[in-house]
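*Asks:* Sequence:
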Amino acid sequence: MYLSFHKFIMFVAIFIVINSVGCATQGESKDDLITVSGTAAYRQRIAMPPEAVLTVSLEDVSRADTVATILAESKQAFGERQVPLEFALQVPNSKINPDSDYNLRAKIDVGGQMHFITTRSYPVLTRGAKNKVDLWLDAVQPGASGQASARGFATPMADAADLGALPATFSGVTPCADCPGIEETLTLRNDGLFLLRRIYQDKSVTPFVEHGRWTAESNKLTLSNASGTQYYEKIGGGSLRKLDTSGNPIDTTANIDLTRAPQVESISEAHAWRGEFRYMADAATFTDCISGLRWPVAMIGDYLTAERAYLKARNVPGAPLVVDFQGKLEQRPGMEDKVVEMAVIEKFGGTQPKASCAASASGNNQSTAELINTYWKLVELDGKKIPIAPSHKRQIRITLASEGSRVIGFSGCNQFTGTFKHSENELRFSQMAGTMMACESPFMELEGRVLKMLNATTAYRIKGEQLFLLEGDKVLACFESLYLR
Numbered sequence: 008m009y010l011s012f013h014k015f016i017m018f019v020a021i022f023i024v025i026n027s028v029g030c031a032t033q034g035e036s037k038d039d040l041i042t043v044s045g046t047a048a049y050r051q052r053i054a055m056p057p058e059a060v061l062t063v064s065l066e067d068v069s070r071a072d073t074v075a076t077i078l079a080e081s082k083q084a085f086g087e088r089q090v091p092l093e094f095a096l097q098v099p100n101s102k103i104n105p106d107s108d109y110n111l112r113a114k115i116d117v118g119g120q121m122h123f124i125t126t127r128s129y130p131v132l133t134r135g136a137k138n139k140v141d142l143w144l145d146a147v148q149p150g151a152s153g154q155a156s157a158r159g160f161a162t163p164m165a166d167a168a169d170l171g172a173l174p175a176t177f178s179g180v181t182p183c184a185d186c187p188g189i190e191e192t193l194t195l196r197n198d199g200l201f202l203l204r205r206i207y208q209d210k211s212v213t214p215f216v217e218h219g220r221w222t223a224e225s226n227k228l229t230l231s232n233a234s235g236t237q238y239y240e241k242i243g244g245g246s247l248r249k250l251d252t253s254g255n256p257i258d259t260t261a262n263i264d265l266t267r268a269p270q271v272e273s274i275s276e277a278h279a280w281r282g283e284f285r286y287m288a289d290a291a292t293f294t295d296c297i298s299g300l301r302w303p304v305a306m307i308g309d310y311l312t313a314e315r316a317y318l319k320a321r322n323v324p325g326a327p328l329v330v331d332f333q334g335k336l337e338q339r340p341g342m343e344d345k346v347v348e349m350a351v352i353e354k355f356g357g358t359q360p361k362a363s364c365a366a367s368a369s370g371n372n373q374s375t376a377e378l379i380n381t382y383w384k385l386v387e388l389d390g391k392k393i394p395i396a397p398s399h400k401r402q403i404r405i406t407l408a409s410e411g412s413r414v415i416g417f418s419g420c421n422q423f424t425g426t427f428k429h430s431e432n433e434l435r436f437s438q439m440a441g442t443m444m445a446c447e448s449p450f451m452e453l454e455g456r457v458l459k460m461l462n463a464t465t466a467y468r469i470k471g472e473q474l475f476l477l478e479g480d481k482v483l484a485c486f487e488s489l490y491l492r
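No gaps in the numbering here: position 424 of the sequence shown is 431 in this note's numbering, and each next residue is one more.
By construction, these hints were calculated from the structure, which means they are not laboratory data. Think of the CB as a built atom: it goes at the ideal place given N, C-alpha and C, for glycine as much as any other residue. The reader is advised that the hints may include incorrect statements.
Calculated cross-link-like contacts (lysine-lysine; reagent style DSS-like; alpha-carbon spacing at most 27 Å) [stated by the list, open to error]:
#1 LYS210 <-> LYS354
#2 LYS470 <-> LYS392
#3 LYS102 <-> LYS82
#4 LYS470 <-> LYS319
#5 LYS391 <-> LYS481
#6 LYS319 <-> LYS114
#7 LYS137 <-> LYS102
#8 LYS392 <-> LYS481
#9 LYS319 <-> LYS361
#10 LYS361 <-> LYS137
#11 LYS82 <-> LYS139
#12 LYS227 <-> LYS114
#13 LYS428 <-> LYS470
#14 LYS82 <-> LYS137
#15 LYS361 <-> LYS139
#16 LYS391 <-> LYS459
#17 LYS428 <-> LYS345
#18 LYS319 <-> LYS391
#19 LYS459 <-> LYS481
#20 LYS392 <-> LYS319
#21 LYS114 <-> LYS82
#22 LYS428 <-> LYS354
#23 LYS470 <-> LYS481
#24 LYS391 <-> LYS354
#25 LYS210 <-> LYS227
#26 LYS319 <-> LYS345
#27 LYS210 <-> LYS459
#28 LYS361 <-> LYS470
#29 LYS459 <-> LYS428
#30 LYS459 <-> LYS470
#31 LYS319 <-> LYS354
#32 LYS210 <-> LYS428
Pair by pair, the computed Cβ-Cβ distance ranges are [stated by the list, open to error]:
#33 GLU387 <-> GLN120: 24 to 34 Å
#34 THR260 <-> LEU318: 34 to 44 Å
#35 ASN100 <-> GLN338: 36 to 46 Å
#36 GLY243 <-> LEU318: 52 to 62 Å
#37 VAL60 <-> THR260: 42 to 52 Å
#38 HIS429 <-> GLU387: 28 to 38 Å
#39 ARG88 <-> ASP209: 58 to 68 Å
#40 LYS102 <-> ASP309: 33 to 43 Å
Given the sequences, and given the hints that come with them, work out the whole structure.
*Replies:* Okay, structure coming up:
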């Protein structure tokens, strides 16, 4: 009896030792683990086979010039399920630095071939980010290697929208309402970023440049940025044909095609950027609000102005600060003499201490908007609300860019550009030019009223997130700021 009891005690002791060793191997108790969870889905109506695998990774993306470090990863086969699929990742609390940046990335593979991947950033864990996130994945071009860039992005292509090798440049001369033509150059990059340059012939030698996110599904290419949404159709011969603001074909005999160029143009002219600037440990990064892409910041040009503004506005190293600047992307020597793409600040515009990229996109930003480099959506004209859904397709909007004092926008049927002058509360527009697409009623009539209003504007007033355009003391129109969504 004593022997049996002794053996029992030894068994218990061994059990405790084994479990203690097991806990030591794990290094963290259950209470010390942080859970990041959510769902993963895509918008296409495509069923995945049972062998499809969803992989979700939690990454440390604090350094823009190195490959992200994976802290936790989950893999699950679809089986009989379809999207959305739920996921949960656990990471030791001791591995999380409150001053670092963490991001979720997901992909769907079938037989080792990647079919879908996340193409924007999904921050978690720190700096106010939530730990429960719904991930949206974009389709990948057939034959893509599946190797994402250092920032974790891949080509956001659908199977049917084969644009050929990327990056690629498409160019052409398209119609202009009051000039010989608009020289357009569009470059699509592998990471989902597009750069678009327009030169209005006989109007100005200064090109207008913008950037944003591109996606493709079936034969339709979609460009999205602060100016709204533009659509193109892939046609034969490696060309893109412009579609109207609703994504439908345009009935015209004029040339509206952009042809694939033999050489890729980087489009390196400086233009307006808005995003989150971070400075820590003698290095800075910039995360673009429009695309979600992130770059190290080159310490040249007007960099010091940006750094000083950051240190004045932020007491915690690494905390994000929304900034505006005129700049460009450029290949420059990075750490260990490796050449990396960097953001170059040529002219610093200012800061938005109360804003954030996430708040701007959701409309929760409560700061006072700036006239320059802000996306303004028309909500009232001649005292009456504009009966247009809050969609980029028909959103009447203007953006006043600091570079070249240029105004660009959409007036109901057509894109337009021009110049502006402002001082104190005075504001005047001039040299307006635009495309000449026809559209159905009531948008044609509304466009005429919008252009008449802009020509009549002599002053402005900003109240919170609203811009009022005035003729003397008379309110002509009211706009709301959406920032660079």
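*Asks:* Give a verdict on every hint.
*Replies:* Now for the hints, and whether the structure bears them out:
The hinted pair formed by LYS210 and LYS354 meets the criterion: a straight-line CA distance of about 24 Å does not exceed 27 Å. The straight-line distance between the Cα atoms of LYS470 and LYS392 is roughly 18 Å, inside the 27 Å bound, and the hint therefore holds. A threshold of 27 Å between alpha carbons decides the hint, and for LYS102 with LYS82 the separation of about 21 Å falls inside it, so the pair holds. For the given pair, LYS470 sits about 25 Å from LYS319 by alpha-carbon distance, which is consistent with the 27 Å threshold.
With a C-alpha separation of about 14 Å, the suggested pairing of LYS391 with LYS481 holds against the 27 Å cut-off. Of the pairs offered as hints, the one joining LYS319 and LYS114 is violated, with about 40 Å between alpha carbons and a cut-off of 27 Å exceeded. Restraint check for LYS137 and LYS102: satisfied, since their Cα atoms lie roughly 17 Å apart, inside the 27 Å limit. As the CA atoms of LYS392 and LYS481 are separated by approximately 16 Å, the hinted pair is consistent with the 27 Å bound.
For the hint linking LYS319 to LYS361, the alpha-carbon distance of about 14 Å falls within 27 Å, and the restraint holds. Under the criterion of a C-alpha separation no larger than 27 Å, the hint pairing LYS361 with LYS137 is consistent with the structure, at around 19 Å. Between LYS82 and LYS139 the CA atoms are separated by roughly 18 Å; this keeps the pair inside 27 Å, and the hint holds. With a C-alpha separation of about 22 Å, the suggested pair LYS227 and LYS114 falls inside the 27 Å cut-off, and the hint holds.
A hinted pair counts as satisfied when its Cα atoms are at most 27 Å apart, and LYS428 with LYS470 qualifies at roughly 20 Å. Taking the CA atoms of LYS82 and LYS137, the gap is near 22 Å; set against the 27 Å cutoff, the hint holds. Note on LYS361 and LYS139: the hinted pairing holds, with a Cα-Cα distance of about 24 Å set against a maximum of 27 Å. For the hint linking LYS391 to LYS459, the alpha-carbon distance of about 16 Å falls within 27 Å, and the restraint holds.
At roughly 43 Å between alpha-carbon atoms, LYS428 and LYS345 are farther apart than 27 Å, so this suggested pair is violated. In summary, the hint linking LYS319 to LYS391 is not supported, as the alpha carbons are separated by about 42 Å, beyond the 27 Å threshold. This hinted pair checks out: LYS459 and LYS481 have alpha carbons roughly 14 Å apart, not beyond 27 Å. With a C-alpha separation of about 40 Å, the suggested pair LYS392 and LYS319 falls outside the 27 Å cut-off, and the hint is violated.
This hinted pair checks out: LYS114 and LYS82 have alpha carbons roughly 10 Å apart, not beyond 27 Å. The straight-line distance between the Cα atoms of LYS428 and LYS354 is roughly 19 Å, inside the 27 Å bound, and the hint therefore holds. A C-alpha spacing of about 16 Å is found between LYS470 and LYS481, which places the hinted pair at or below 27 Å, so the restraint holds. With a C-alpha separation of about 38 Å, the suggested pair LYS391 and LYS354 falls outside the 27 Å cut-off, and the hint is violated.
A distance of roughly 31 Å separates the Cα atoms of LYS210 and LYS227; the hinted pair therefore is violated under the 27 Å criterion. Of the pairs offered as hints, the one joining LYS319 and LYS345 is violated, with about 31 Å between alpha carbons and a cut-off of 27 Å exceeded. Restraint check for LYS210 and LYS459: satisfied, since their Cα atoms lie roughly 20 Å apart, inside the 27 Å limit. Restraint check for LYS361 and LYS470: the C-alpha separation of about 16 Å stays at or below 27 Å, so the hint holds.
Distance hint between LYS459 and LYS428 is fulfilled; the C-alpha atoms sit about 17 Å from each other, no more than 27 Å. Proposed proximity of LYS459 and LYS470 is supported: the alpha carbons are some 23 Å apart, at most 27 Å. Taking the CA atoms of LYS319 and LYS354, the gap is near 18 Å; set against the 27 Å cutoff, the hint holds. Annotation: proposed proximity of LYS210 to LYS428 holds, straight-line Cα distance about 17 Å (limit 27 Å).
At about 51 Å, the beta-carbon gap between GLU387 and GLN120 misses the expected band of 24 to 34 Å. Here the CB-CB span from THR260 to LEU318 is close to 58 Å, at odds with the stated 34 to 44 Å. Our hint of 36 to 46 Å for ASN100 and GLN338 holds, since their Cβ atoms are close to 39 Å apart. Range check, GLY243 to LEU318: about 55 Å between beta-carbon atoms, so the 52 to 62 Å window is met.
Between VAL60 and THR260, the C-beta spacing of about 50 Å keeps the proposed range 42 to 52 Å intact. Judged by the Cβ atoms, the range 28 to 38 Å given for HIS429 and GLU387 is violated: they are separated by roughly 21 Å. Range check, ARG88 to ASP209: Cβ separation about 59 Å, and the 58 to 68 Å hint holds. Take LYS102 and ASP309: their Cβ atoms lie about 37 Å apart, and the range 33 to 43 Å holds.
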